[in-house]
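> Turn these sequences into a full structure, and let the hints guide you.
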Amino acid sequence: MLTLVKSILIGLIVVSLTSGCAEHNKYFTKATLGATLGALTGGAIGANVKDGKGAVVGVVAGAVLGKWVAGHLDPLTQDEYNIHTQQTLETMPIGQTSEWNKAEKRIVAKTMPVKTFKNNDNFCREYTQTVEVGDEKKQARGIACRKNNGMWEIVD
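FYI, in our numbering the residues of the sequence shown are 1 to 156.
The hints are simulated quantities; they were obtained by calculation from the structure and are not laboratory data.
One should not assume that every hint holds.
Stated by the list, open to error - Between beta-carbon pairs, the in silico distance windows are:
| no. | residue 1 | residue 2 | range |
| --- | --- | --- | --- |
| 1 | Asn120 | Leu76 | 32 to 38 Å |
| 2 | Ile154 | Thr91 | 16 to 22 Å |
| 3 | Asn119 | Gln96 | 29 to 35 Å |
Heads up, the beta-carbon is just placed ideally off N, CA and C, and yes, glycines get one too.
Here's what the structure looks like:
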């Protein structure tokens, strides 16, 4: 529990350090939101690794990937990307990669489930994701659990 609190505090620090950028440009607004969500998600996932010692690494990695993706995808493209991720988590067998392309914007996202398990009666999946926008490429690992309504959400 203490590591989760530390993760949230670190995420709030990231927000406060980057929020000044949000006033100047819409790009930074999306990027700041992505960094914040990525930091909180990464911290929560990292807190479950080795007695929470992965929380700081998770916050930093999550913030970097979240900011990068949010800064490169417009809202409609983000919705399409999220649908791809939901479908992959629901249907793709472990070890098989699902690919989503947005050719006109030179975007490719690859998602691969690597493990399925139960947590408090919910099915959860660990997965890897690679997102390429133009010549840039980022990779991340995540854990999502299926809620009662059938939607998958990042575990916190």
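> Now look at each hint and say whether the structure bears it out.
Hint check:
One distance hint, 32 to 38 Å for the beta-carbon pair Asn120 and Leu76, holds here, with the actual separation near 34 Å. For the pair Ile154 and Thr91, the beta carbons lie near 19 Å from each other, so the given range of 16 to 22 Å is met. In this structure, Asn119 and Gln96 break the distance hint of 29 to 35 Å, their C-beta atoms being roughly 22 Å apart.
In this structure, the one hint that does not hold is number 3.
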